[in-house]
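Take these sequences, add in the hints, and give me the full structure.
The lines below spell out each chain.
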Amino acid sequence: GQQLNQSPQSMFIQEGEDVSMNCTSSSIFNTWLWYKQDPGEGPVLLIALYKAGELTSNGRLTAQFGITRKDSFLNISASIPSDVGIYFCAGPGAGANNLFFGTGTRLTVIP
Amino acid sequence: DARVTQTPRHKVTEMGQEVTMRCQPILGHNTVFWYRQTMMQGLELLAYFRNRAPLDDSGMPKDRFSAEMPDATLATLKIQPSEPRDSAVYFCASGWFGASGAFFGQGTRLTVV
Chain A
1 GQQLNQSPQS MFIQEGEDVS MNCTSSSIFN TWLWYKQDPG EGPVLLIALY
51 KAGELTSNGR LTAQFGITRK DSFLNISASI PSDVGIYFCA GPGAGANNLF
101 FGTGTRLTVI P
Chain B
1001 DARVTQTPRH KVTEMGQEVT MRCQPILGHN TVFWYRQTMM QGLELLAYFR
1051 NRAPLDDSGM PKDRFSAEMP DATLATLKIQ PSEPRDSAVY FCASGWFGAS
1101 GAFFGQGTRL TVV
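Chains A and B are the protein sequences, given in the same order.
First residue of the first sequence: 1, per my numbering; consecutive thereafter.
First residue of the second sequence: 1001, per my numbering; consecutive thereafter.
Everything labelled a hint here was simulated from the structure, so no lab data went into it.
Do not take every clue at face value.
Label-pair distances were calculated between CB atoms; the ranges are [what the hints assert, rightly or not]:
id, chain 1, residue 1, chain 2, residue 2, range
1, A, Y50, B, K1062, 29 to 39 Å
2, A, S77, B, H1010, 16 to 26 Å
3, B, T1007, A, P39, 17 to 27 Å
4, A, P39, B, R1022, 16 to 26 Å
5, B, S1066, A, S82, 17 to 27 Å
6, A, K70, B, T1111, 33 to 43 Å
7, A, V84, B, T1073, 32 to 42 Å
8, B, P1008, A, G53, 42 to 52 Å
9, A, D38, B, T1111, 40 to 50 Å
None of these values were measured; they are calculated from a predicted model.
A virtual CB, placed ideally from N, CA and C, is assigned to each residue, including glycine.
In structure tokens:
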């Protein structure tokens, strides 16, 4: 199946700091998605990217579709305690309509 | 407020018992996914359907797992017989074929003892 590797695996940051995480794939993707999962809940879609080089923002979140189409990046500016959770990248695999998830980045924000 | 509904939210069962998890996708969505989440394996895609037809269930152990969509408002995932290693959170998600993204339910936390 698809290999989506995320780094870092976990992060501990102070409230107010900026956060960067990335996701790399073993194959080219045509779409990149970023999800956040709160404890006890299902993942929620944050940002969708459809074109190589695309940069998209959603509030304090900014995501980029890497120009190689094998990677994507998510930045969170001025982190707040409610940013705590697991962030997943995801994308359709070879079947184009399935949806594979990365290994996740667990974010902890220290007030 | 449209959402994916999963039942039950929690299930504790003994090894060897049959487990059935249910999912009501968002009305109008034509693609349904089943995922399993564990600490070790992350979010694994088990199966997905388009217009109620199974497109891929290669992620599912075939000998004990089965997934069906008896109608457009219900997807089921069955495990028979269940084993302790099946303990995980099982998520259902729905979306549109050919479009990106999927909307997740709150999951069923399964514990097999």
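Structure-based check of each hint:
1. A:Y50 with B:K1062: 29 to 39 Å: holds (34 Å)
2. A:S77 with B:H1010: 16 to 26 Å: Since S77 of chain A and H1010 of chain B have Cβ atoms about 37 Å apart, the given range 16 to 26 Å is violated.
3. B:T1007 with A:P39: 17 to 27 Å: holds (20 Å)
4. A:P39 with B:R1022: 16 to 26 Å: holds (23 Å)
5. B:S1066 with A:S82: 17 to 27 Å: Violated, at about 39 Å.
6. A:K70 with B:T1111: 33 to 43 Å: Taking Cβ atoms as reference, K70 of chain A and T1111 of chain B lie about 38 Å apart, which means the hint holds.
7. A:V84 with B:T1073: 32 to 42 Å: holds (34 Å)
8. B:P1008 with A:G53: 42 to 52 Å: The hint (42 to 52 Å, Cβ to Cβ) holds, given that P1008 of chain B and G53 of chain A are roughly 45 Å apart.
9. A:D38 with B:T1111: 40 to 50 Å: Since the Cβ atoms of D38 of chain A and T1111 of chain B sit about 21 Å apart, the hinted range of 40 to 50 Å is violated.
Of the numbered hints listed earlier, those contradicted by the structure are 2, 5 and 9.
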